[in-house]
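As a plain string of letters, each chain reads:
Number of protein chains: 4
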Amino acid sequence: MMIIMRDGATDAQVEEVIEKLHQVGAEAHLSRGEFKTIIGAIGDRERIMEVPLGALPGVESVIPIMRPFKLVSREFKPEDTIVKVGDAMLGSDEFVVIAGPCAVENEEQMMSSAKAAKAKGASVLRGGAFKPRTSPYSFQGMGEEGLVLLQAAGEACGLPTVTECVDARHVEMIAEHADMIQIGARNMQNFLLLREAGMQHKPVLLKRGLSSTIEELLMAAEYIVRGGNKNVVLCERGIRTFETATRNTLDLSAVPLVKHLSHLPIIVDPSHATGKKELIGDLSNGAMAVGADGVMIEIHPDPKAALCDGPQALDFEEFASLMEGLKRIAPAMRRRIEE
Amino acid sequence: MMIIMRDGATDAQVEEVIEKLHQVGAEAHLSRGEFKTIIGAIGDRERIMEVPLGALPGVESVIPIMRPFKLVSREFKPEDTIVKVGDAMLGSDEFVVIAGPCAVENEEQMMSSAKAAKAKGASVLRGGAFKPRTSPYSFQGMGEEGLVLLQAAGEACGLPTVTECVDARHVEMIAEHADMIQIGARNMQNFLLLREAGMQHKPVLLKRGLSSTIEELLMAAEYIVRGGNKNVVLCERGIRTFETATRNTLDLSAVPLVKHLSHLPIIVDPSHATGKKELIGDLSNGAMAVGADGVMIEIHPDPKAALCDGPQALDFEEFASLMEGLKRIAPAMRRRIEE
Amino acid sequence: MMIIMRDGATDAQVEEVIEKLHQVGAEAHLSRGEFKTIIGAIGDRERIMEVPLGALPGVESVIPIMRPFKLVSREFKPEDTIVKVGDAMLGSDEFVVIAGPCAVENEEQMMSSAKAAKAKGASVLRGGAFKPRTSPYSFQGMGEEGLVLLQAAGEACGLPTVTECVDARHVEMIAEHADMIQIGARNMQNFLLLREAGMQHKPVLLKRGLSSTIEELLMAAEYIVRGGNKNVVLCERGIRTFETATRNTLDLSAVPLVKHLSHLPIIVDPSHATGKKELIGDLSNGAMAVGADGVMIEIHPDPKAALCDGPQALDFEEFASLMEGLKRIAPAMRRRIEE
Amino acid sequence: MMIIMRDGATDAQVEEVIEKLHQVGAEAHLSRGEFKTIIGAIGDRERIMEVPLGALPGVESVIPIMRPFKLVSREFKPEDTIVKVGDAMLGSDEFVVIAGPCAVENEEQMMSSAKAAKAKGASVLRGGAFKPRTSPYSFQGMGEEGLVLLQAAGEACGLPTVTECVDARHVEMIAEHADMIQIGARNMQNFLLLREAGMQHKPVLLKRGLSSTIEELLMAAEYIVRGGNKNVVLCERGIRTFETATRNTLDLSAVPLVKHLSHLPIIVDPSHATGKKELIGDLSNGAMAVGADGVMIEIHPDPKAALCDGPQALDFEEFASLMEGLKRIAPAMRRRIEE
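Chains as they are written, first to last, in this note's numbering: chain E, 1 to 339; chain G, 1001 to 1339; chain H, 2001 to 2339; chain U, 3001 to 3339.
Bound-form chain E, shown alone:
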């Protein structure tokens, strides 16, 4: 922490800051310039963060120097974390494609989607049973019945599964049916859910909130890892900006940036980011090229009959063509795609 004092801050005010730092066992380094006095605080990050330094008289601003996350940082653990979901190894040289429908709708839709996913080279199956929807008038998902259908389809095709959890009370139930628990963008800062996810042992797919910074995403992951669960995979899925031509703005810079800051794997969801099926193939290629560990793609046997997000779902032929593109680039990126 650097504490910048206001012009004209008194000696007593400077002293008060130093004393507060000493109270939490931190050292204070004082630099007095012609115009500005600056105090560097060095000590236990967590204890220093508890002091409301910005509220002390004479303080102009407080600038964090150390990153606010620790367990998920690359400094803490330099080597890449590999998260296993079934046979898929996220964070390895495998490029993992997760595919499936936005929402589980019925047995046939789920089963045909699973078969197509498997046949084209996906290695994890997705399907939502609890859907957070902006409108109370939209389809809200099949609930536990949907979990059962997802599990059956996964088992039939030999694919591990991932599904979203929206309620801390459901974590255990979901962990029973699925191989990976997704925490969606709207719940990235649902700290309750993060804590529950940290206390069980299934891997967690944590999606970036639409208005969350990369630092906040890593802080959310820190909640889970600190709770005891080290198997966290991050997911970039677009942020909210002024641009309306795409549903959100996919921030592919987040991928190499996260790789510098953290040892956790990161994948990309171009389906939700753009909301436009004609962009999904190109952006999947882009995701691989910037270094992502995988992508998550929405597919549906008949997108125009989908109960949820039809316009962004690929049919099986479109998905096959996306996979071909990925397989063409993979060798240049030294990535392997499951066949």
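Keep in mind the hints are simulated off the structure, nothing from the lab.
Treat each hint with caution, since some may be false.
Claimed, not checked - Below are the DSBU-like pairs computed for lysine-lysine, each with C-alpha atoms no more than 35 Å apart in a straight line: (1) U:Lys3118 / H:Lys2020; (2) U:Lys3304 / E:Lys77; (3) G:Lys1304 / G:Lys1077; (4) G:Lys1304 / H:Lys2036.
Stated by the list, open to error - Distance ranges between label pairs, derived from CB positions: (5) U:Glu3317 / H:Thr2010: 17 to 25 Å; (6) G:Ala1152 / H:Pro2057: 54 to 62 Å; (7) G:Glu1015 / U:Glu3019: 27 to 35 Å; (8) G:Thr1244 / H:Arg2074: 18 to 26 Å; (9) U:Arg3032 / G:Thr1244: 17 to 25 Å; (10) G:Ser1092 / U:Glu3060: 23 to 31 Å.
Ideal Cβ placement from N, Cα and C applies to all residues, glycine included.
Following the hints, complete the assembly by docking chains G, H and U onto the known chain E.
Chains G, H and U in isolation, oriented as in the chain E frame:
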């Protein structure tokens, strides 16, 4: 709904759209122009919204015409809703000031804050017992013990209370201790919590998410009202933008806009919006001048010792000065402030 | 400047930073913590800013401590600057209303607007002769002919005038016809225009760019003041955010914030910010209540026939009602409105 | 255009809209639903856009159906435009790398940069002579002297050149010295400059403004093409968002989206977008993978001595490594890189 067909859409594609609309009992009005064919869909909003029109072949875009919310709309109920919290009447000619600490810390802090709030003219007492914090290393609130202290302070000073609920499992517990249940910005689209809040009878203070549009705020309110609870007060608390000089960008235009679109009361939280105590007084004046029904202000007996958000907390003297400003403007705005 | 070194930066890298600072005559204060080494640079701001410190090996980040603007800062000149435009005194206790049409269209439109502006209490007349338009197919303004009509209308009604300059080659021509030169939002960082504006003596109305921070706005003003022209008035007119319900998001927090940071006057333009006439009155009240020195309002004798931005133009009756609102609040804010 | 009438709009108000449309030669299609009346306007886009429909009484909103740009649209010209700059063919199967320093500083720096660019496989040389800088205290470029040095370096190494023009008065001078004229992000809506650029015959590199939508970028290109100059290359260089970890947020979705909407070539500038040299290689790969026609990269013989944007400049070795990455992916994307 208006469905815009692509240039060169075939007759069969146009027919398919029309048939889909007829299947859900809607009428389809066809306009064929030189370049564009447009289909107007008229019928039951909820049923039309279930059709994935955007995924049909030949469809370029789908433009909603009717607002997606209904029960909270001004068209549905032209007269202002008045929400009573204790003696405070939100949505009436009373300008309601909610004040109190960010977090309940201990009995003395809570009691002295309540006394100051009451003495200066606040009519509702706030205090957080469950704190959603970006960092797992920050103070997370006192939990139920905090609720008890808040309730005691409110009763001692004759002020109704409001406190945040972050967990659907806590709604009843909070309703027992507090007079109004706050749903915070991070939980504005926690639909589970919205549904629980809709099923009980205490008034709800619903804060706008930091990346939520006004339409989404009203949709979230629709969840609660549709659940049976009509006592919803909205709260503008700043949105996330590129500007970093303030913590968030307070969107005061939201106030008159909500007044046009909805019958629900709306208040403003300048403390969280700016994160800077020196701006709070001016923006409270601004909130009243644009037509808000109240403000929510963080106060603390000793901001520099606050466990949470100290830099934005006003001490009691600063709060008194803020109240004087509001009282000076109130008559010009035909507003009444409790004495 | 604070220079934060990476973990594991070598002594040689630290030395190189220090040497670079010495080369531009700056002092370097070294703080070595357990994890981080920090170097505080103190000296001539302009010379230090020329050193590409962030590109030196071992440097993690460079954090500016001192504000990058100087002449426009409150520290440099603590007392408020008052800018005179005709008899209007921006920055004094007068609340200055600037009114007029978006674009000059013809003599009658301009003259009737000027009369209405004067009659209702405006003290400066606006009217655009050169219109920057997103589409090449939209009306681009009358050019110099428009300037002549604006000047004539202003003289006939005894109102000073302001009009936008979009071309550095026009600065002199505009200064001949108008009493104040407006630099529009799109040109806030047209440094050429800023420099030309700094070299002449008419007051300048500098509008905030739609994606400019407050700091960048003040830097743009610094260009003008440094060029020799101290008569700069800032204008908040909305920033671009994800919210689409209003054209832009009016950032009223900018007003008190600028008042803390700078001695320059600041006004608000609610017409362009919202693009919605039904919000303009309320936001003008808000502008006064947060401490603005004035507002700029678009009026038109017949908004539905306006060649430019009709939906946000007030007719004369609506403008009269807006002025009544302002006059009602003015005494509470200790502001005077010209009668 | 679709005109949505308010609930309760009168017949007279509907009639007035229809009459206004007839006045500009447009047809009006009326759809009356139970709640809403909608008028579809079909006719000459440019004339309809001049009618301030949104200001007519009873009108709730006006929704554009047709795109506001025409000459640059894919509908107008389905085949890709190829823009030649020297031997480089932007928009063909060649992936064009533009490289060079941010600013021309002196002969040696420019010459060594040109040699390195050529040696590693760049096919266009960049270098800024007029630098728009946020601060008046920063280096503003060498002016015409810089143009001469850039031209000399380009000629010596057999590379065509591109340089930024910030002043409409300079267009001819720049066209004399350089092979391509860059219009920077801050000037994307400097319509004066766009018009001048449209009236000469050198190709134009048009960078997206940091707060400009893709539609606005295409409108800006429309200004140039309509002026008579068809050789326009677009450039995505990051937009301003709430994320501060990168300087801007590179919007790679813009690339495939522009390819759908327009026939113009589009390249990517990852140097300015991120401001971080460690991300530039990965994002260049990403640019190629999403379908861009090239990248623009800042290089410098000694980044830590650069007068402008040193932290984002690659040294020659880093640039060589970036080129190797591109060459590895190129065949998979069916792209050719000049050797």
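task: Taking the numbered hints from earlier one at a time, note which ones the structure violates and give those numbers from smallest to largest.
output: 3 and 9
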